[in-house]
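Q: Sequence:
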Amino acid sequence: MRPISKSLDDFSFTKPVNVGSILRLTSQVVYSFESKGESLFSSSSSSSSSSSAGVSGSDVGDDAENPISVKNGGVVNDNIIQVAVKVEVLDPIKQTIEVTNTFYFTFESEKKVKRVIPRTYEDMVKYIEGRRRSRIGNFISKAQ
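In short: position in the sequence shown from 1, add 16, done, that's the working numbering.
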């Protein structure tokens, strides 16, 4: 089963994008969380939280299965995947590339989420931003 789109954060373009522009979209998984019935807001680290930031192959680990998403009071059984999509405008005449925005999508999966470890400082910054956005989104969805 495919992940379900849960949210798209608010966004605005930092630079204009003209009609007919060539866009390049680059995506990266920046954060994932497999709760196994624990609170997304817990401050302690555990083997159930998973981090990811654009690494592949042998860096991917398997966690125990979490077969279905269920929400119970303050406990979540969500398998959350936070994806950052960088939008760039390519100008072939001037041979320039300008970043215009970064979108943050949150997906939920009924299947277990693979753990990915950030390898660089930049990946860790993206991981922290993804975790922050995921926690805020979870808080807002519970308040509604």
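Keep in mind that the hints were calculated from the coordinates and are not lab data.
It is possible that some hints are incorrect.
When the alpha-carbon atoms are kept at most 27 Å apart in a straight line, the in silico DSS-like pairs for lysine-lysine are as follows [said to hold, decoys possible]:
1. K31 with K102
2. K22 with K110
3. K130 with K158
4. K158 with K22
Restraint ranges, calculated between C-beta atoms of paired labels, are given here [said to hold, decoys possible]:
5. K110 with I152: 23 to 29 Å
6. M17 with K110: 40 to 46 Å
7. V115 with F155: 25 to 31 Å
8. I144 with I38: 27 to 33 Å
Think of the CB as a built atom: it goes at the ideal place given N, C-alpha and C, for glycine as much as any other residue.
Q: All hints are to be evaluated individually against the structure, with a verdict given for each.
A: How the hints compare with the structure:
1. K31 with K102: holds (13 Å)
2. K22 with K110: Violated. K22 to K110 sits at ~38 Å, over the 27 Å cutoff.
3. K130 with K158: Holds: K130 and K158 sit about 25 Å apart, inside 27 Å.
4. K158 with K22: holds (13 Å)
5. K110 with I152: 23 to 29 Å: At roughly 38 Å between Cβ atoms, I152 and K110 fall outside 23 to 29 Å, so the hint is violated.
6. M17 with K110: 40 to 46 Å: Holds: the Cβ-Cβ distance is about 44 Å, inside 40 to 46 Å.
7. V115 with F155: 25 to 31 Å: holds (28 Å)
8. I144 with I38: 27 to 33 Å: For I144 and I38 the Cβ distance comes to about 32 Å; the hint holds.
Of the numbered hints stated above, those contradicted by the structure are hints 2 and 5, listed in ascending order.
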